[in-house]
Amino acid sequence: MGREQRRSRLVVAILLVITFTLITIDYKTGRGAGGVRGFLHGAVGGVENGVTAVARPIGRTVSSLVHPNRYHDRADRLADENAALRRELASRVEVTRQAEELAALRLLADKGQYTIIPARVIAVGDVSGTDWTVTINAGKADGLATDKIVLNADGLVGTVVSLTDHTAVVRLFCDPRSKIGARLESTQLLGAVSGGSGPNTLTFTLYDASYRVRPGERLVTFGSLDYVAGVPIGEVTKVTDVDGLSRTAEVRPYVSVGKLDMVAVVVGKPPTDPGDRVLPPRQGGDTG
Amino acid sequence: MSVQLWDPDSDVEVHAPTFAALVVVLLAAVIGQVSVVARLPLPGGHPDLVLLLLAAAALVEGPVVGALLGFTAGLFGDLLSTHVLGRSALVLCLVGYLVGLVAEATERSVLVALAAISGAVAAGSLGNVLVAVLLGDGAPTEAGPVLLRALTAALYAALLTPFLFPAVVAGVRRTRRVRRR
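Quick mapping for you: the protein sequence lines, in order, are chains A and B. So the first sequence is numbered by UniProt numbering: it starts at 1 and just counts up by one. So the second sequence is numbered by UniProt numbering: it starts at 1 and just counts up by one.
Rather than coming from a laboratory, the hints here were simulated on the basis of the structure. Check each hint, because a few of them may be wrong.
As the list claims (entries may be wrong) - If you only want the chain B side, here are some residues facing chain A, beta carbon under 8 Å, derived:
| no. | residue |
| --- | --- |
| 1 | Val24 |
| 2 | Val30 |
| 3 | Ser35 |
| 4 | Val36 |
| 5 | Val50 |
| 6 | Val84 |
| 7 | Leu85 |
| 8 | Gly86 |
| 9 | Val129 |
| 10 | Arg176 |
Positions of the beta carbon are idealized from the N, C-alpha and C atoms, including for glycine.
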C-alpha cells in the first residue's frame, strides 16, 4: 500500500508541476487566440454552435416530452401528435422572439448610426465557472476585430477579447478585468465602469471630484479609438464615495447577463458622436 | 492493452480503453457545460457536470486515473477559456486525486459516494475561485455569491449522482469487459 501511495503521489506531483509550469509560462507570455488555443477555439466553436442549435428546441419543449410516447393505442398516438404540434408552436414562438430581438437591436443601432454584426451566444463562461465571458457565433470571417464593443437591445454587453474565424469570446462588463470608459448623461465628464461586484452591479469612477453624482443619472460609453461612443450602460443607484479624489458610484446595468441571447458587435463608428440619443427617453419627459 | 505505471504488481494502473472513454466523456462534458448546462434557467445556480463526472470517475478508478483525468479535462477547459492556462487543470487534477483516495471507502456504502461527489463539487467550485484569487486573474470580489454557487452546485450534484454514478460504473465495467473478449 505504501509503495502504491508513493507512486500515485508521484503522478500527482508531476501533473502539478506541469500545471504550475503552464501557469507561469502563460502568465508571462500573455493570452490570445493563437496556436493550440486558437485552433481549439475554432474547432470547439463549431461543436458548440451545433450543440446549441440542437439543445435549444430540446430545452424549450422539455415539458412536452416529459411523458413517454409509445404507439400502443390511439390516445398515445394523439398525445404524440399533440406534443409534436406543441413543439412546432414553441419553435414558432422562438422565431418570433428572435425576430423581435433583432428588430430591437436594429433600432438601437440606427439611433446611434452604428454598423453592427449580429450574433448569438453559443457558450457561457468557462469550465471553472469564474470567467464572466460568453462565446458568440461570429468571428474574424464576419469582420469582427478585438476590442470592439458588444451590445444588445438594452445596451452595453462587453468587449471582444479573442477571435477565431467563426467564433469570438466576449468579456462581459461585470468581469473583474473589464474597464470601460463611461460618460454621465448630458455632461462631458469622463469616468470608467469596472466589474467585479457581481452581474447586477458595476462600479463607476468619475475622475472629476468636483461634480456631484446623483442616483438616477444615466451612463453611456465615452468612446475611444476602438470603443464606440454613446452605448447605454446603466443607471447610478448609489453614490459610495463623496470625499476622495474621485467619485465612485454603484451602477445598475441595463443588460441582464443571465438572459443574453442575441447580441451585436459594433464594427463601424458613426461619423459623429451620437451623444445621448441612444438612451431611451426618460419617463416624465424632463432629463434635467 | 493496459498500461502499467512502473510496476506490474501494483494496483496503480491505467486501463487504456477505459481511460480513453472517460477522457472523451469528460471533454464532451466540458463543452456541454458551457454551451448547454450554463444556459439552463435553473434556480440558484448550475450543476457542474465536469466536476461531477470527474469525481464519479475518480471514485471508480482511483487517484492516479482521477488526477490524470482532471488534468486533461482542466487543460482542455483552460485552452477554451481566456484565463491563465493551467488554472482549472490544477484544481481538477487535485480534485481527481483526492476523490480517488477515498475510492475504497465507497465500496462500503453508497452514501460515501454521494458525500464524496457532492463534497468534491463544492470543493472544486471553491478551489477554482481560490486559485483565481491567488493568481489575481479575474477573481470575484464578494464571498456570498461564490459560496452560494458552490453550495447550489453541490446540491445539484447530490441530486444527479444517483443517476450519473451508476451510469459511470456501468460504462467503466463495459469497457473492461470488451477488453477480455
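Quick rundown of the hints versus the structure:
1. For Val24 (chain B), the interface hint is violated, since its Cβ never comes within 8 Å of a Cβ in chain A; the closest pair sits about 13 Å apart.
2. Among the interface hints, the one on Val30 (chain B) holds; its C-beta lies about 5 Å from the nearest C-beta in chain A, closer than the 8 Å criterion.
3. A cut of 8 Å between beta carbons decides the hint on Ser35 (chain B): the least distance to chain A is about 4 Å, and the hint holds.
4. Because the smallest distance between the Cβ of Val36 (chain B) and any Cβ of chain A comes to about 5 Å, under 8 Å, the interface hint for this residue holds.
5. At a threshold of 8 Å, the smallest CB-CB gap from Val50 (chain B) to chain A is about 6 Å, leaving the interface hint in force.
6. For the restraint placing Val84 (chain B) at the interface with chain A, the shortest Cβ-Cβ distance is roughly 5 Å, inside the 8 Å limit, so the hint holds.
7. A distance limit of 8 Å between C-beta atoms decides the matter here; for Leu85 (chain B) the minimum to chain A is near 4 Å, and the interface restraint holds.
8. The closest approach between the C-beta of Gly86 (chain B) and any C-beta of chain A is roughly 3 Å, which is under the 8 Å cut-off, so the hint is satisfied.
9. Interface restraint check: Val129 (chain B) against chain A, minimum CB-CB distance 6 Å, threshold 8 Å, status holds.
10. Here the hint on Arg176 (chain B) is broken, as its CB sits about 20 Å from the closest CB of chain A, past 8 Å.
The structure does not agree with the numbered hints 1 and 10 stated previously, though it agrees with the rest.
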